[in-house]
Amino acid sequence: MNIIIGGAAGDGMETIAHLLAKALVREGYGVLTTKDYMSRVRGGHNFSLLRVEAETPRASAATADILVALNEETFLLHREKLLPRGRIVFDPELFSLPAADDRGLPVKLRTLALAAGGKIMANTVAIGAVLSVLGLKPAAAVRLLAETFAPDTAQQNTAALLAGHEAAAKLCGTCFTMPPKSFEGPSIFLDGNQALGLAALASGCRFLSAYPMTPSTGIFSYLAGKQAEFGLVVEQAEDEIAAVNMALGASFAGVRAMTCTSGGGFALMAEGLSLAGMTETPLVIVVGMRPGPATGLPTRSEQGDLNFVLYAGHGEFPRAVLSATHLEDAFYRLNKAFDLADKYQMPVIFLSDQYFADTARAIPPYDFTRLRCERYLAGAENLVRPYKRYRLTDDGLSPRALPGQFPEETVLADSDEHDEDGHIIEDAATRGLMVSKRLRRLEALAAEMDEPELYGHPEPEILLLGWGSTYGILREAIETLRASHHRAALLHFRDLWPLPSAMVTKLLPLAKISFCAENNATGQFAGLLRRETGLTVDHKILRYDGRPFDSGEIVREVLKNV
Amino acid sequence: MCKAADYLKEETAWCPGCGNFAIRQALAEALAELCLPPHRVLMCSGIGQAAKMPHYIRVSGFNGLHGRALPPATGARVANTSLTVIVESGDGDSYGEGGNHFIHTVRRNPHLAHFVHNNQVYGLTKGQASPTSELGMKTGVQTGGVISPPLNPLALALIMGAGFVARCFSGEKEHLKETMKAALVFPGYALVDILQPCVTFNKLNTYAWYKTRVYPAEGHNTSDWMAALSLSRQWGEQIPLGIFYSVPRPTFESQLPALEGEPLALRPFSPLDVARAQDEFR
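Which chain is which? The protein sequence lines are A and B, in order. The first sequence begins at 1 in the numbering used here and counts up one residue at a time. The second sequence begins at 1 in the numbering used here and counts up one residue at a time.
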């Protein structure tokens, strides 16, 4: 069951989609929503896709059963996607459908909303209408309204919802049959940014400094709302340069700290990233990718900054790069980013993108007992005095103490090349020792990287490679492909740098044909794979129009070449 | 008993006769007289001759990037409010490269003392104009002389609402020390702009040039903002020294509910403490 809800920015599509989705989740369905929105506050065309199945889908579909058109433009733009037996919920006082189109369900959204208390609630009337069309009772949505709004507003919205439900019921009792529910206990319903915010909170992040930038702002605002209750500080910095440097100061002084941004903001943070590398200060940076260069497409999605985050920052220093693949994994993986940052005293970049950030799904609740929160600080029992922040060790890891932690022991970090004490040096010998000490940490770090997930046949003839947020879409493509080509599989990378290469080195040479699917124009991951392993994929499947893949196009591209 | 010598480290890389020596001595004496334990003092600096101070004073230090001394200092204050935080940097670092951070740190008002070594020239890069260089000053880059008027840090800080604004001269060490002490204990952002000669690159604003112009602003009421602004604008034949303004307003830290109680860095944490946070998504 697929529903498209569209209108102008400011019409409240997001509210409808969220309330409707959550009501369905509470009913026991598996729900996914994605957002497609323009970089403007009012007008334009925005829409949400809502997919409902027995089990939570991993990607949205290319077709729709129900189109909720809050304006005529929505109808015109999306009518091609609507199935022949689909239905269109629209306001007949706003526009009319072509005479030949008999799929319309005219509901006077604005008039009914006005009667309930205000035309702003036209979107709530639409929720009621959709629930009715799906043959569902309004009770779950009414409860949600009561949880969401103040009593007066909730009451008005309830009236609007019931009016929409009633009006649509008169047009068709039950237009659709809902899929069966596969209820497996309570679910949580959240989007990528909320999952990352929750993961940061649950990882003990106590300080976030950031500058608002789509698509990462959701992490920022999620954590901002938790400050008083959970004891963390969120500060909107004057720019991304301040954001990264504030986070470094907080980290140096002893709290887990993070910043979040997109490619353009990360560009301003490049100097601070290098500082984290030189001072060996733990730091987590979430980079939510959107299409560049420059301002690009601010509200769209791309995987175009992989090379940038791999190589950003002047000088040579180690870093880890992890990515968000799907909600079930990303929560634990961001926790891993915090763990690695503390354990290896280095910056860890976590790559997300607009598609991941704005896609919400119903999933089982997270298991907080799986999270790690060790700080890896020097202890009084094994402290070597006098304390030296950059003491040379076999594994390159110097015991990390905090300023103020040990009486009489000062802690000095330096962005200049320094000696073990942290003092400026210029001599060649110390420089050599310090460079190799910093880079030596990469050996142990590499062993911490998770091999990619293999989904499909264990010895694939058709091998599809992917990374990051395309996971759900590529997995669905493999499911489709396996109906005709049993020995197909997806090898999907979560940890990106240092590149875990054991599985791909084993599987790729054995495959008859290989593909790498990426949301960018140059195949950046395929390039990384070639540089690190010498392996070349046979075909790159690339999409760089700012929109996510749909699994159908992946299947078509693969079949074209098989 | 705390002694200034306990805060001093051996060698420095400054030119003989540099104003930084007196500033360093005054700071060591200020720290000793306040008897602040070195490990609980954090000095953040950027890059430049002044910014090398964490290497020459025995306290904890974060010697970061050029222009970026204030943001880590703010972050460190949030992380651990039991630290005394000092920012030590030059005029180029504080007012040029870090100008945006200067403006917004004044607004934020974290409890930190900002000591700016203002020698009106770039020393480390060998003699270019700084944001506070005099009009007409010729350098290897400003070959026809500086054509943009100098930035007035004290007036700017006052206009932006700074609670503590002072001007000192490296040649008046006792006054400098006392002002530093007042800045260190002031609850909020405290700016001390310290005039100092650059014996190598600034041939205009020499020790003698300053010495004949500076005078103590005696009898000034430090809670009179208009009078402070007026003093901050005096420059030329007569340059006033002193605490121009000292009126606390709520600090950044005091307005953050999360900072009530034990410093953030010292609080124990378990992920299970926040497991209830996912309930809102049910």
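No lab work stands behind these hints: they were computed from the structure. A virtual CB, placed ideally from N, CA and C, is assigned to each residue, including glycine. Treat each hint with caution, since some may be false.
[Claimed, not checked] A short, non-exhaustive set of chain B residues, derived as facing chain A with CB atoms under 10 angstroms:
#: 1; residue: Gly75
#: 2; residue: His101
#: 3; residue: Ile103
#: 4; residue: Pro149
#: 5; residue: Asp224
#: 6; residue: Pro257
#: 7; residue: Phe269
#: 8; residue: Ala275
Checked hints:
1. The interface hint given for B:Gly75 holds, since its Cβ lies 3 angstroms from the closest Cβ of chain A, which is under the 10 angstroms cut-off.
2. Hint on B:His101 holds. Least Cβ distance to chain A is approximately 6 angstroms, under the 10 angstroms limit.
3. Hint status for B:Ile103 relative to chain A: holds, with the closest Cβ pair at about 7 angstroms, below 10 angstroms.
4. Given the 10 angstroms rule on beta carbons, the hint for B:Pro149 is violated: about 24 angstroms separates it from the nearest Cβ of chain A.
5. With its C-beta approaching chain A no nearer than about 30 angstroms, B:Asp224 sits outside the 10 angstroms limit, and its interface hint is violated.
6. Taken as an interface hint, B:Pro257 checks out: its beta carbon lies about 4 angstroms from the nearest beta carbon of chain A, inside 10 angstroms.
7. Look at B:Phe269: its Cβ gets to within about 4 angstroms of chain A, closer than 10 angstroms, so that hint holds up.
8. Satisfaction of the interface hint for B:Ala275 is found here, the shortest Cβ-Cβ separation to chain A being roughly 4 angstroms, below the 10 angstroms cut-off.
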